[in-house]
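Asks: From first to last, the protein sequence lines are chains A and B. Residue numbers for the first sequence follow the numbering used here, so the first one is 1 and each next one is one higher. Residue numbers for the second sequence follow the numbering used here, so the first one is 1 and each next one is one higher.
The set of hints was computed from the structure by calculation and includes no laboratory data. Some hints here could point you the wrong way.
Quick list of simulated restraints, FRET-style, between CB atoms [to be verified]:
1. A:304 / B:253: 32 to 40 Å
2. A:106 / B:168: 37 to 45 Å
3. A:1 / B:168: 23 to 31 Å
4. A:304 / B:280: 45 to 53 Å
5. B:316 / A:274: 42 to 50 Å
6. A:172 / B:228: 42 to 50 Å
7. A:53 / B:264: 31 to 39 Å
8. B:200 / A:56: 38 to 46 Å
9. B:280 / A:231: 30 to 38 Å
10. A:231 / B:341: 29 to 37 Å
11. B:32 / A:213: 38 to 46 Å
12. A:53 / B:301: 57 to 65 Å
Even for Gly, the Cβ is constructed at its ideal location relative to N, Cα and C.
Number of protein chains: 2
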Amino acid sequence: MRLEILPVQGIGDVTEGDDLAALIAGAAPWLRDGDVLVVTSKIVSKAEGRLVDVPADGPERLDARDRILADETARVVATRGTTRIVQTHHGFVMASAGIDASNVDKTRLVLLPVDPDASARELRAALRDRYGLDVAVIVSDTMGRPWRNGLTDVALGVAGMPAIRDHRGEVDPYGNELFVTQMAVVDELAGAGELIKGKCDQVPVAVVRGYLGTPRDDDEGARALVRDASMDLFSLGTAEARVAGLREAATLPDRTGPDPADPAAVRRAITAVADVVAPGTVFTHVTDDEVRAGLAAGVPGWPASATGLLLGAAPTPLDPADLVRFGADVQRLRAALAAEGIGSVLLPPPGGSAASAALAI
Amino acid sequence: MRLEILPVQGIGDVTEGDDLAALIAGAAPWLRDGDVLVVTSKIVSKAEGRLVDVPADGPERLDARDRILADETARVVATRGTTRIVQTHHGFVMASAGIDASNVDKTRLVLLPVDPDASARELRAALRDRYGLDVAVIVSDTMGRPWRNGLTDVALGVAGMPAIRDHRGEVDPYGNELFVTQMAVVDELAGAGELIKGKCDQVPVAVVRGYLGTPRDDDEGARALVRDASMDLFSLGTAEARVAGLREAATLPDRTGPDPADPAAVRRAITAVADVVAPGTVFTHVTDDEVRAGLAAGVPGWPASATGLLLGAAPTPLDPADLVRFGADVQRLRAALAAEGIGSVLLPPPGGSAASAALAI
């Protein structure tokens, strides 16, 4: 058994309206059933007319590019300097929504295909219907990734095979069940295609031979590769998520319970602010039910959902500025509690004491 | 031109102390100069004795695993449930530090090689010195990644070729210079190797033939692929970075200037808290130099670095609890300013007014 990776040479420049199936079949009369075609998304975009006119240079070019990027963006994921990592309308997370200025006139930008899975299906169907070839098609593009330098080619669209090869449920020779081994084989195939494309000039299509038996249609396509942001541990850039945390601190809602806060977590929150609050300020966590019930009885507006009480005592003597500072320190503690996942509500102090405050948690 | 990907079959089970060069050369007498060997890290680990004994099941197994993971971890990047994404001592960011329980007895765990680049160099040197073979060696492992479902194989170590192929400075046929095209070809080679390894049972080594001309030693190895956390837009998980923002809000340092704050950003911060502060609270941004100078003269402790002033006016009448609430609201505004990148210092109010506060920004 072996795989071969072959370049399709001689396709030449692709322009709007070109018939990719004819170009590829003409350049590679040696194609066989079961081959996997790895097609650079750029020629798909060009054939489909996914080009926009832009000024060749100057601020007008940058403005036009920004407008186009906004159109191609479903959600901004991270920004640093002029780099913008976005989620496209397809769901792919990539720099500049995959908009590309290379291998095109200086007055045009190339956008990603509108529906790369559909592009792959159409090309597969055209090769089958008009040339009698039963092949799988991958539409590929070059992407960066977190944590690792260098780019790799991955799949934007696929037809004729599933995007993922699922080993779950298989058992290794030692009897261990394989739990998480879903391999993104179309990404590996796209990368394998890049190896030969990158070695040659102007080779937008590679063929992987020997991988597939008989192609089969798979409705899900490369959408199977898109992880929903809600499931992703890295749905936002670090800086953006940090800012989200600061904004959350600015707008902390009143929230308590329903589960009693872990006393160790409350201690961590109190410790976190110990060095920044006014000297002499003391925060005390009251967890004992009876004490808390007694205190709660003295606190107007005590929320029924509260499962604990944090008492703050300001240093005395107090003037109005000290009380403002004390309030700021209580809010610091609320942010520290929120960092531990503990909601809180600022209440008037028990017994109306000027030098104290109460947080229901 | 074409590439071939060939499986090395018949290597069998690898155990501590095994001579990988002998096993591979014996199983693949057809190896040639210029071949790229993609070697699954697990057999490298096993040969190098990177195995640890653990209980076969129960809480003791989990405890042991946690201890081992802590040892293999340089930095925790993200956690959700039992999933822990960490940066290893090599710098790789991966789930569970690459610790693996598959393809090994139930009472052992396999750790990553201590230095996969060194492992690759040693294997390359052994094949050259003892078998006269001039090949490149990639030590590969399977990893997940943000944003995309499915795993791919990538390189942990490499010898005999650079990890990255640099197209920067090249010019495309349209005259556009290629700026950012550094391809992580060893990751694509590792993925290509996985395609054949995943199709066969128990094939821990694949050979990519036709990619390299003559191997050459490269000192940097796969370390070239490790992006420093300080350069990474995704150095922390979204949840972890959000918590970091909350912690930052809890401990906001006194900081002002040196550049005047963008008035639009200050307005955004004031707007962000408008709905959550006590009704009637008013925040005003004072930017005019003379007004500011006059106000600053009335504010004790006004920092020389301050380039603006935010005045807060609490609703009147005030009792002590209202002042505490007002202080909490001022701290909310400080967090909102920090989210805009604007530092601030809480000062006593100008003229000692009980119902006001001043923030130097």
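Asks: Which hint numbers doesn't this structure obey?
Replies: 2, 3, 4, 5, 6, 8, 9, 11
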